[in-house]
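Protein chains: 2
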Amino acid sequence: MRATVLHAPRDIRIEERDDPAIAEPTDALLRISATCVCGSDLWPYRGINDVSEPMPIGHEYVGVVEAVGDDVATVRPGQFVIGSFVASDGSCPHCRAGYQTACMHRQPVLGAQAELLRVPLADGTLVSTPDQPAAELIPSLLTLSDVMGTGWFAAVTAGVGPGSTVAVVGDGAVGLCGVLSARQLGAERIIAMSRHEARQKLALEFGATDIVSERGDDGVARVKELTGEVGADATLECVGTDEAMRQAIRATRPGGTVGFVGVPHGVRIGGEDLFRTHVGVRGGPAPVRHFLPELIDLVWRGRIDPGKVFDLALPLDEVAEAYRAMDERRAVKAFLRP
Amino acid sequence: MRATVLHAPRDIRIEERDDPAIAEPTDALLRISATCVCGSDLWPYRGINDVSEPMPIGHEYVGVVEAVGDDVATVRPGQFVIGSFVASDGSCPHCRAGYQTACMHRQPVLGAQAELLRVPLADGTLVSTPDQPAAELIPSLLTLSDVMGTGWFAAVTAGVGPGSTVAVVGDGAVGLCGVLSARQLGAERIIAMSRHEARQKLALEFGATDIVSERGDDGVARVKELTGEVGADATLECVGTDEAMRQAIRATRPGGTVGFVGVPHGVRIGGEDLFRTHVGVRGGPAPVRHFLPELIDLVWRGRIDPGKVFDLALPLDEVAEAYRAMDERRAVKAFLRP
Chain A
1 MRATVLHAPR DIRIEERDDP AIAEPTDALL RISATCVCGS DLWPYRGIND
51 VSEPMPIGHE YVGVVEAVGD DVATVRPGQF VIGSFVASDG SCPHCRAGYQ
101 TACMHRQPVL GAQAELLRVP LADGTLVSTP DQPAAELIPS LLTLSDVMGT
151 GWFAAVTAGV GPGSTVAVVG DGAVGLCGVL SARQLGAERI IAMSRHEARQ
201 KLALEFGATD IVSERGDDGV ARVKELTGEV GADATLECVG TDEAMRQAIR
251 ATRPGGTVGF VGVPHGVRIG GEDLFRTHVG VRGGPAPVRH FLPELIDLVW
301 RGRIDPGKVF DLALPLDEVA EAYRAMDERR AVKAFLRP
Chain B
1 MRATVLHAPR DIRIEERDDP AIAEPTDALL RISATCVCGS DLWPYRGIND
51 VSEPMPIGHE YVGVVEAVGD DVATVRPGQF VIGSFVASDG SCPHCRAGYQ
101 TACMHRQPVL GAQAELLRVP LADGTLVSTP DQPAAELIPS LLTLSDVMGT
151 GWFAAVTAGV GPGSTVAVVG DGAVGLCGVL SARQLGAERI IAMSRHEARQ
201 KLALEFGATD IVSERGDDGV ARVKELTGEV GADATLECVG TDEAMRQAIR
251 ATRPGGTVGF VGVPHGVRIG GEDLFRTHVG VRGGPAPVRH FLPELIDLVW
301 RGRIDPGKVF DLALPLDEVA EAYRAMDERR AVKAFLRP
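Chains as they are written, first to last, in the working numbering: chain A, 1 to 338; chain B, 1 to 338.
None of these hints come from the bench; they were simulated from the model.
Each residue gets a CB set at the ideal place from its N, CA and C atoms; glycine is no exception.
Please note that a few of the clues may not be correct.
[Said to hold, decoys possible] If we take Cβ atoms under 8 Å as the criterion, some of the chain B residues that face chain A in the derived model are: (1) Ala-67; (2) Gly-69; (3) Arg-96; (4) Ala-97; (5) Tyr-99; (6) Ala-102; (7) Gly-255; (8) Gly-270; (9) Leu-274; (10) Gly-280; (11) Arg-282.
[Claimed, not checked] Here chain B is said to cover these stretches of chain A; the calculated rule only asks that three of the stretch's residues, wherever they fall, bring their Cβ under 8 Å from a Cβ of chain B: (12) 46-57; (13) 160-167.
[Unchecked claim] Some chain B residues well away from chain A (every beta-carbon gap over 12 Å; in silico): (14) Gly-90; (15) Thr-129; (16) Glu-136; (17) Ser-213; (18) Gly-256; (19) Asp-273.
Here chain A stands alone, though its shape is the one from the complex:
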């Protein structure tokens, strides 16, 4: 099969590799219908995370089940499925509490930017759609595998509900999905922090009521100004830098919560800052598996259209261009067809 392999920073290639096969009785084998490049794939691509040996890459996927192991009970060959970027057994205390990404037996899913993918712990990881989806639904379904599930988790964990005032730090695909999630969860006011015209436009389309293009102190001051000096009830931190976290905490009202889903790189939160502001902080790798049934239903019924975050679609063979376009911020998110 053809698969994407990262060899070294900015050296990403499509290669012919052995087809994966069922290795454990709990595995499923998928023929990938669509995959994409994640903001977090850019960390190793840029060399910020170490790349010590050639590494199959990609963890967002939708596809059709080709085969399943003997112990798999909930999905069967021929079904169209979506899965999380972390495989989970679905039965441990953390899974039952809705934190499948903290599963006691979790395994990473890696190598999804390929024609075929082995998914471990299939029963606890994959969810099938009601039927074969129409082609135009596939991009939105694909986002549920990571970015939309992650934006949704950020909003849920920050306590967004009917009437909330929400600030969103980060205008990447996750931040934009955070805007969409906040709207769907009933937020009344959604302040998107973005300096890029195309992203501002999509944020408004997804339900943002205000755009703040300032950053740092000025950005915080603008959010305070827009909220009568009170701050946001909930802030979604969708970047992962120390500056973004600082900005998120300071934009939030006392008693409000920062839901953070940007993979942290060098974030240090001062206990004194948190104490003085009365702001709660909660996040982590989104347990997207927990939200899949609900979000599949919303996409299926046409209630949400997160697939709009894809502004570049390429055949898998052009994966290198997909990475370049995202690295250079020419694209928000690149959709790949094997």
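Let chain A serve as the given structure and place chain B on it in line with the hints.
Only chain B this time, still in chain A's reference frame:
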């Protein structure tokens, strides 16, 4: 009047000072019935916080209203009242949201270890008891001014509810009140982390179901062992050191919350640690004013007896001995009678 003044680290004296008087129309003047020494008073006493000039000290108090300013509407001379350690106007958006310690017009209350005390913003700060209290209720009512309100906030903000498994880090008066709060809020399992026999005994009396005397890694391992490797649903961090915060986060289950009320000194939370654990962190100076009506009612009906945290009672004139006893950990908390 006689009042306590901290002159320099470990130099604390009772002095004759001018009686305070009504200065603003929103002030109340109290004759202090009882006051006490707070764990946080020990920070300047020990010289960890700066003492640049002689400083009246004390912020926990119950007393009888002597006089009120012209604008005060909710309390009147002769009433027995309890107030927060932070004066709040009761009407700003943060007060209305239940975060009176973040009041936009907040003022510190200082100098409560004295015979008389001026309390600013009396309407938003003080709550009267249903009647003059019996003498034996006064210690419990006094704790509502800070430590019990703080332990209660830690438990509420950590999401403690019926059936919760709770870990409490810190066996000072606040930690012990946290145990009592968790029991009152319906926790099923309460793990008190303490190495001191007398404090362990009081924790058990207050409702702890398990005592963990280990600290650091060993303490975390013991909590995990007691909870089937899951961790606590809610952990109350009642110390304020980096080690205590670290321990609290690691003792908590994914999706659980650390309610932190120990005034942080050098606490740095790594974003990566928080991300990986899925633990929420929320705290701050407890808005005890918010909880006063509910907690006064619980004390008045004999449902809670937080006054048991006082294991030393002295006349105000012996305040120096009260500080020494707490500094040397000979006493959990010292009660003072002016």
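Each hint tested on the structure:
no.	hint	result
1	Ala-67	32 Å, violated
2	Gly-69	27 Å, violated
3	Arg-96	10 Å, violated
4	Ala-97	5 Å, holds
5	Tyr-99	4 Å, holds
6	Ala-102	4 Å, holds
7	Gly-255	5 Å, holds
8	Gly-270	6 Å, holds
9	Leu-274	7 Å, holds
10	Gly-280	3 Å, holds
11	Arg-282	3 Å, holds
12	46-57	violated (count 0)
13	160-167	violated (count 0)
14	Gly-90	15 Å, holds
15	Thr-129	27 Å, holds
16	Glu-136	34 Å, holds
17	Ser-213	25 Å, holds
18	Gly-256	9 Å, violated
19	Asp-273	9 Å, violated
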